[in-house]
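Participant: First to last, the protein sequences are chains B and R.
Just so you know, we're using our numbering here: the first sequence kicks off at 1 and counts up by one.
Just so you know, we're using our numbering here: the second sequence kicks off at 1001 and counts up by one.
No lab work stands behind these hints: they were computed from the structure.
Any given hint could be a false lead.
Unchecked claim - Derived DSSO-like pairs: lysine-lysine, alpha-carbon spacing no greater than 30 Å straight-line:
(1) B:42 with R:1069
(2) B:71 with B:98
(3) B:37 with B:98
(4) R:1065 with B:98
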Amino acid sequence: GENVEQHPSTLSVQEGDSAVIKCTYSDSASNYFPWYKQELGKGPQLIIDIRSNVGEKKDQRIAVTLNKTAKHFSLHITETQPEDSAVYFCAPDLGDYKLSFGAGTTVTVRA
Amino acid sequence: EAQVTQNPRYLITVTGKKLTVTCSQNMNHEYMSWYRQDPGLGLRQIYYSMNVEVTDKGDVPEGYKVSRKEKRNFPLILESPSPNQTSLYFCASSSRTTNTEAFFGQGTRLTVV
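Could you put the whole structure together from the sequences, leaning on the hints where they help?
Facilitator: Put into structure tokens, the structure is as follows:
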């Protein structure tokens, strides 16, 4: 099965600073790499994704980078704001209907 | 509005008393799945279904059952709940014909005493 590791488990940043979360996976067959954000009391929601034929994707203040050779992908949040405080999950997809999630990263943005 | 609806949101029950958590989606998705979320362990998949009458075990299926008689519904059944099944449960759906984004319900917090 897919082995997914996510680091760090917690991250505290000053408002306005950047945050980076890294996800490593063990199976080279992975070809879809999403990041989900879970706000308090809610279910996870997709915020950005990338496919194996692309190295980087940006959407306003968030970006995802992919290194297939090293088998890791990262979430980058720039100019962090209080509403970025949440739990973030990576979920590399093998394409076999088994969506494996990392253990999550709790991000706290300090005002 | 596209959504995944779980019920109930909160449930306290006693050991051994059968319960069902319902999940319904209105997006005509083929794929549905159940997860449990526990501190430090992320989201672990319990069961998934690729289409009507097709279900398969995820990573932590022990103590759970599911059924997929209709495309929109995917109930999670605990025949004899135990305290170690106290957790936060999420249902999710996605369409494999378009993209693989998963849409999650709001969650069901279950306490077994």
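Participant: Give me the numbers of the hints this structure contradicts, sorted from smallest to largest.
Facilitator: Structure breaks no hint.
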